[in-house]
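A.B. asks: Make the full structure from the sequences, and use the hints.
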Amino acid sequence: MPTPRKKIGLIILGGTVLSEESSDKNAVIVKNDIKPWLAKMPEINIMADIEPIFILGEKDNEPDLNHWIKLGKIIAGRLNEFDGFVVTHHVHSLLPGACALSFMLQNLSRPVVFTGSQIPLMLSKKNINKKILKKYKGLGIKANLINALQIAIQGPSEVSIMFGNKLVRANQAHITKNLSLNLFDAPAKAVLATIDFGIKISEHNQTEKKDALILNANFDDNVSVVDFNSEQNVDYLKWVLEKKPSGIIIQTHNPESALELLDKLIPDSYDMPILIYTDIPYANSGNASYILIDRMTFEATLMKLKWALGQTKNRKKIAVLMKENIASELLEGEE
Amino acid sequence: MKIYFFGPTTEISNYNNAYQQILEQLTKAGLQAFSKTESGYVTPISEEKMAEIQAAGESVLNHVDGIVIEATAPDSEVGYLLAHAILQKKPTLCLYQKGAQIKKTLSHLGQNIPPFIIAKPYQKSDLEAIIAEYINLFGIDPEYNDVPNIKFTLRISQKISHYLHWKTHNTKKTKADFLREMIQEIIENDDKYKKYIVSHKNK
Numbered sequence: 001m002p003t004p005r006k007k008i009g010l011i012i013l014g015g016t017v018l019s020e021e022s023s024d025k026n027a028v029i030v031k032n033d034i035k036p037w038l039a040k041m042p043e044i045n046i047m048a049d050i051e052p053i054f055i056l057g058e059k060d061n062e063p064d065l066n067h068w069i070k071l072g073k074i075i076a077g078r079l080n081e082f083d084g085f086v087v088t089h090h091v092h093s094l095l096p097g098a099c100a101l102s103f104m105l106q107n108l109s110r111p112v113v114f115t116g117s118q119i120p121l122m123l124s125k126k127n128i129n130k131k132i133l134k135k136y137k138g139l140g141i142k143a144n145l146i147n148a149l150q151i152a153i154q155g156p157s158e159v160s161i162m163f164g165n166k167l168v169r170a171n172q173a174h175i176t177k178n179l180s181l182n183l184f185d186a187p188a189k190a191v192l193a194t195i196d197f198g199i200k201i202s203e204h205n206q207t208e209k210k211d212a213l214i215l216n217a218n219f220d221d222n223v224s225v226v227d228f229n230s231e232q233n234v235d236y237l238k239w240v241l242e243k244k245p246s247g248i249i250i251q252t253h254n255p256e257s258a259l260e261l262l263d264k265l266i267p268d269s270y271d272m273p274i275l276i277y278t279d280i281p282y283a284n285s286g287n288a289s290y291i292l293i294d295r296m297t298f299e300a301t302l303m304k305l306k307w308a309l310g311q312t313k314n315r316k317k318i319a320v321l322m323k324e325n326i327a328s329e330l331l332e333g334e335e
Numbered sequence: 001m002k003i004y005f006f007g008p009t010t011e012i013s014n015y016n017n018a019y020q021q022i023l024e025q026l027t028k029a030g031l032q033a034f035s036k037t038e039s040g041y042v043t044p045i046s047e048e049k050m051a052e053i054q055a056a057g058e059s060v061l062n063h064v065d066g067i068v069i070e071a072t073a074p075d076s077e078v079g080y081l082l083a084h085a086i087l088q089k090k091p092t093l094c095l096y097q098k099g100a101q102i103k104k105t106l107s108h109l110g111q112n113i114p115p116f117i118i119a120k121p122y123q124k125s126d127l128e129a130i131i132a133e134y135i136n137l138f139g140i141d142p143e144y145n146d147v148p149n150i151k152f153t154l155r156i157s158q159k160i161s162h163y164l165h166w167k168t169h170n171t172k173k174t175k176a177d178f179l180r181e182m183i184q185e186i187i188e189n190d191d192k193y194k195k196y197i198v199s200h201k202n203k
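Order-wise, the sequence lines are chains C and R. Per the numbering used here, the first sequence starts with residue 1, numbered consecutively. Per the numbering used here, the second sequence starts with residue 1, numbered consecutively.
Fair warning: there could be bad hints in the mix.
Below, computed lysine to any residue pairings styled on SDA-like, alpha-carbon distance capped at 25 angstroms [to be verified]:
id : chain 1 : residue 1 : chain 2 : residue 2
1  : C       : Lys-200   : R       : Leu-61
2  : C       : Lys-7     : R       : Leu-87
3  : C       : Lys-189   : R       : Ala-56
4  : R       : Lys-36    : C       : Asp-196
Where chain R lies over chain C, by a calculated footprint (3+ residues, C-beta under 8 angstroms) [stated by the list, open to error]:
id : segment
5  : 163-171
6  : 188-201
Think of the hints as simulated: they come from the structure by calculation, not from any bench. In this text, a Cβ means the ideal position worked out from N, Cα and C, and glycines have one as well.
C.D. replies: This is the structure we're talking about:
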């Protein structure tokens, strides 16, 4: 009996450059480029029926929260039409975008796989020498797209990122610093699959049966980030406090010292949520006025706070939400 | 030549014998064929090399010379492997028995089936001939594949002679065996040459 072909929604938000040579002629810049772009990869038609959905082109601005909300609504609205979704995305903003989606779409019953090209569009415009072109060789989207499509066909059903030979959970991923095919990495338990001759989905990440999808696309984008990692910039913090954002994240390697400073600067009547984000695990905030975050990636923390502020403005409720494992975003500590 | 063989594990009890026959024929034809077993892969690629490939984020398929697929049982991995084979221009043989959907799958490429992809119906009796045809894609005449029947006289220095004697003394290898194996290894690791052979054959 013939097996029905899988149907995959291919949603485009940049990240489409195919090859390092003539990058501007090998990408989706406007919607009409999709057909010739797909025609350059006939091999993907073997894998599934692919329906492209255009949101942003290569020359448009970086995708932002409004684009990600639109993306989430498209996926939620057309969930039952497809077996899975692949999202091509500008690489610079891919991580927060994928994190936002993981909070927006809960109980996801289809794989949503983010991928893209590491080759910048302007590569062909500059006077690029052969050495630079060689550096970008193989960093185009084709192999990533083939792998991402296969993940969209066979799972796991969650928001993930596929680059090189690694599939990672989006809200536990971090970007690697070098120009490598594996652009993103994650702790071992958040590596959902690896690729050798085929795709090996980790046993602990096999797809489970889930309840109905919950789309919660309410976000509050008015969040400020203050970086105390290199120095405690008090003037900047004062300026931010005067602006009255809905929430603040303070990044610091030294949470205790930051807390001391905040106690002096911030009056008790101040009721906006202030997160202390640190990479020091098991730090002790010792102060209920601030929410200490030490078990999430920065991108997940930022997008989760924006999402939590979209659910409630109550500081205590936000503190509870931030500590709750909403979309498997909490990094597991050493046992 | 390193050849990755894939046979879907769905309905494996129906096809296991066929997979074994194909692997045997590939080996008989002088190819280093390997496939996934219950315990993983026993590949001709060294563990160190595999670790290097994984760390670099590369596709392991880049490091094989060709792919053979038994595509009778439907499996999404067949399309996946074919897509990579086309992207990487890997000589690929798709074998299938009556009732398989592979021709239909390939029809999604339109008129663009590349010359390095061969799809063939087969029976046990014609496997040898089909594999011989596949080997042609590598630019090697199967009749002469790895058979050292060309006489080649080579002048060498005392130093090389001394080394060859030392290297092969008390081993079962002759000096000629040692040199042939070295050259074979160089050929297998020479990606430029392999690409040249495939493109030359496809012209």
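A.B. asks: Give a verdict on every hint.
C.D. replies: Now the hints, each set against the structure:
1. About 14 angstroms separates the Cα atoms of C:Lys-200 and R:Leu-61, which keeps this hinted pair within 25 angstroms; it holds.
2. This hinted pair checks out: C:Lys-7 and R:Leu-87 have alpha carbons roughly 21 angstroms apart, not beyond 25 angstroms.
3. A threshold of 25 angstroms between alpha carbons decides the hint, and for C:Lys-189 with R:Ala-56 the separation of about 20 angstroms falls inside it, so the pair holds.
4. Between R:Lys-36 and C:Asp-196 the CA atoms are separated by roughly 11 angstroms; this keeps the pair inside 25 angstroms, and the hint holds.
5. Counting residues of the segment 163-171 of chain C whose C-beta lies closer than 8 angstroms to any C-beta of chain R gives 4; at least three are required, and the coverage claim holds.
6. Counting residues of the segment 188-201 of chain C whose CB falls under 8 angstroms from any CB of chain R gives 6; the rule of at least 3 is met.
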